[in-house]
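At position 130 of the sequence shown (counting the first as 1) the number is 185 in the working numbering, and the numbers step up by one without a gap.
Just so you know, the hints here were simulated from the structure itself, not pulled from any lab data. Be careful, since some hints might not be right.
The list that follows gives simulated cross-link-like pairs (lysine-lysine, DSSO-like), each with its CA atoms no further than 27 Å apart [claimed, not checked]:
1) LYS175 - LYS234
2) LYS172 - LYS255
3) LYS255 - LYS302
None of these values were measured; they are calculated from a predicted model.
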Amino acid sequence: MDARKLADLLRTGMLRPVYHGENGLRTLRELARSYQTISKDLDRVMNRLKALYRGIAAGGLPVPGPRSMLRAIARNGCTRSRMPASIAQLLYQQLDGLQALRRTLRPELLAESRKHKAAKLLRQVPCIGPIRAARLLELMQTPHRFRSQRQLWTYSGLGMETHDSAQYRYVRGQLQRSKKPQPIRGLNQNRNHEMKEIFKGAATRASCGVGPLRDFYVALLDKGMRPEMACLTLARKIAAIALTLWKKEERFDAEPLKPQAA
56 MDARKLADLL RTGMLRPVYH GENGLRTLRE LARSYQTISK DLDRVMNRLK
106 ALYRGIAAGG LPVPGPRSML RAIARNGCTR SRMPASIAQL LYQQLDGLQA
156 LRRTLRPELL AESRKHKAAK LLRQVPCIGP IRAARLLELM QTPHRFRSQR
206 QLWTYSGLGM ETHDSAQYRY VRGQLQRSKK PQPIRGLNQN RNHEMKEIFK
256 GAATRASCGV GPLRDFYVAL LDKGMRPEMA CLTLARKIAA IALTLWKKEE
306 RFDAEPLKPQ AA
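Could you put together the complete structure from these sequences and hints?
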């Protein structure tokens, strides 16, 4: 690209800043991506096995183990899925292999994340365990990508957007503008799905446990907020705390949460 073309792009506002990442996080990024891929494969295989449970007559409260389930499939077959027992056995072999592979990868990921100071800062946040801290470090790479917590919320799919609906309508065959368009509020769709999964997962765990974040969640419910909106607010709070601790390199302090929960 020559200087004239670059000047034209700059003049017309076609240039956009692109963050290329930190070179020191390359190993952590590869390990975290591999861990996430294996976890998704595990979920996929487990969902296929759960579909088999719905296809056989397995009575009783406890879920049957692999051996008893395979015997039931071989004896009765899958009444709904029509899947032979050999396919179910292959799914169990795949499940065992993926679980062993993830157990092998987990200590390598944690050992690599401990080399970075930011991982220790992120692990201070309640319900942000070592795996979530490593994934956040790999995805965000630096907190200075976000000038404010609202930018982080939008990037993570936790920001609210308002869209207009029914701005125009047909009246007697003529297109007319509505006098009162209906605004629709919702979460932004252009987001990082993995970041949203991390913060929403941490919020769900915090809402079911004990501690200052649980008290914060209960206080929101006492004010009349719906549970899904309270969980969203809690996810935003966790994201804001993680960003602040990482930027300022401070220790987590639960005192600011207590007046809000009171």
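Task: Hints that the structure is at odds with (numbers, increasing) - done: Number 1 only.
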